[in-house]
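Top to bottom, those sequences are chains A and B.
Just so you know, we're using our numbering here: the first sequence kicks off at 1 and counts up by one.
Just so you know, we're using our numbering here: the second sequence kicks off at 1001 and counts up by one.
These aren't lab readings, by the way, just hints derived from the structure by calculation.
Hints are not guaranteed to be accurate.
Pair by pair, the computed Cβ-Cβ distance ranges are [unchecked claim]:
#1 Ser1028(B) x Leu115(A): 37 to 47 angstroms
#2 Thr86(A) x Glu1042(B): 41 to 51 angstroms
#3 Gly53(A) x Ile1111(B): 49 to 59 angstroms
#4 Asn30(A) x Arg1052(B): 20 to 30 angstroms
#5 Lys18(A) x Lys1054(B): 46 to 56 angstroms
#6 Ala3(A) x Tyr1030(B): 25 to 35 angstroms
#7 Pro1112(B) x Leu80(A): 41 to 51 angstroms
#8 Leu97(A) x Gly1029(B): 13 to 23 angstroms
#9 Asn73(A) x Glu1042(B): 20 to 30 angstroms
#10 Lys1054(B) x Ser67(A): 37 to 47 angstroms
Residues from chain A that keep clear of chain B, each with C-beta distances beyond 12 angstroms, as calculated [unchecked claim]:
#11 Pro8
#12 Val12
#13 Thr26
#14 Gln37
#15 Thr39
#16 Arg44
#17 Gly53
#18 Ser67
#19 Pro69
#20 Ile77
#21 Gln85
#22 Glu103
#23 Gln104
Backbone N, C-alpha and C fix where the C-beta goes; we use that ideal spot for every residue, glycine too.
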Amino acid sequence: EAAVTQSPRNKVAVTGGKVTLSCNQTNNHNNMYWYRQDTGHGLRLIHYSYGAGSTEKGDIPDGYKASRPSQENFSLILELATPSQTSVYFCASGDALGGPYAEQFFGPGTRLTVL
Amino acid sequence: GDSVTQTEGQVALSEEDFLTIHCNYSASGYPALFWYVQYPGEGPQFLFRASRDKEKGSSRGFEATYNKEATSFHLQKASVQESDSAVYYCALRGSALGRLHFGAGTQLIVIP
């Protein structure tokens, strides 16, 4: 069974603080993704990765960094958190060998509140 | 760029009603088209996909047909149940290395 886990599940941060959201997958997938979900916007791609050591900018990368130290782990980093980054964040993994038809497997999400 | 437009906001139905959630896309060539479903408190999960014109994707009683001429992939179910209450996302991927582009999501509320 495909498995993507995220930690923490809930986080309250202060404006200007540093926040790190972590994601781990046991699917042995090359591709991993970070999305944020906001009412009216659906899922928007922040950063993604094709494998260990690689990170790519998605559609809304400003204010976020990503790190992919290994096949299994993909982190999203908010160096200076702002209230506009309050959202629910989802990590996902996908099999690169599946080509354009490959589905993505999502984690349970992290609810981040920046005060 | 690639984009997806789907039925906005909420759709409220009674049990056993017929469901249609509209999805139209903008992309060149033959993008792969997907439906995902998200239940409360969970991440989105893959429902089904289609990859060529007139192909029907289906799962759990839901279905959609790839219509290249109309650039559509509308989600349908003949008889909804309360357990179908969730947010439904239409998505496309234009190439092997391309990202998934999601629509804004449609919340389905089924009243028992």
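Going down the list of hints, with the structure as the test:
1. Ser1028(B) x Leu115(A): 37 to 47 angstroms: Since the Cβ atoms of serine 1028(B) and leucine 115(A) sit about 44 angstroms apart, the hinted range of 37 to 47 angstroms holds.
2. Thr86(A) x Glu1042(B): 41 to 51 angstroms: Cβ of threonine 86(A) to Cβ of glutamate 1042(B): about 20 angstroms, so the range 41 to 51 angstroms is violated.
3. Gly53(A) x Ile1111(B): 49 to 59 angstroms: Taking Cβ atoms as reference, glycine 53(A) and isoleucine 1111(B) lie about 50 angstroms apart, which means the hint holds.
4. Asn30(A) x Arg1052(B): 20 to 30 angstroms: Once the Cβ atoms are compared, 25 angstroms apart, the range 20 to 30 angstroms for arginine 1052(B) and asparagine 30(A) holds.
5. Lys18(A) x Lys1054(B): 46 to 56 angstroms: holds, 51 angstroms
6. Ala3(A) x Tyr1030(B): 25 to 35 angstroms: At roughly 32 angstroms between Cβ atoms, tyrosine 1030(B) and alanine 3(A) fall inside 25 to 35 angstroms, so the hint holds.
7. Pro1112(B) x Leu80(A): 41 to 51 angstroms: Holds: the Cβ-Cβ distance is about 47 angstroms, inside 41 to 51 angstroms.
8. Leu97(A) x Gly1029(B): 13 to 23 angstroms: holds, 21 angstroms
9. Asn73(A) x Glu1042(B): 20 to 30 angstroms: holds, 22 angstroms
10. Lys1054(B) x Ser67(A): 37 to 47 angstroms: With a Cβ separation near 43 angstroms, lysine 1054(B) and serine 67(A) satisfy 37 to 47 angstroms, so the hint holds.
11. Pro8: holds, 15 angstroms
12. Val12: Valine 12(A) clear of chain B: closest Cβ-Cβ about 18 angstroms, beyond 12 angstroms.
13. Thr26: holds, 15 angstroms
14. Gln37: The claim is violated: glutamine 37(A) sits with its nearest Cβ about 8 angstroms from chain B, within 12 angstroms.
15. Thr39: violated, 9 angstroms
16. Arg44: violated, 8 angstroms
17. Gly53: Correct as stated: the minimum Cβ-Cβ distance to chain B is 17 angstroms, above 12 angstroms.
18. Ser67: Given that every Cβ of chain B is farther than 12 angstroms from that of serine 67(A), nearest at about 19 angstroms, it holds.
19. Pro69: holds, 22 angstroms
20. Ile77: Per Cβ check, isoleucine 77(A) is outside 12 angstroms of chain B; nearest 20 angstroms; holds.
21. Gln85: holds, 19 angstroms
22. Glu103: violated, 4 angstroms
23. Gln104: violated, 6 angstroms
Going through the hint list in order, the structure does not satisfy hints 2, 14, 15, 16, 22 and 23.
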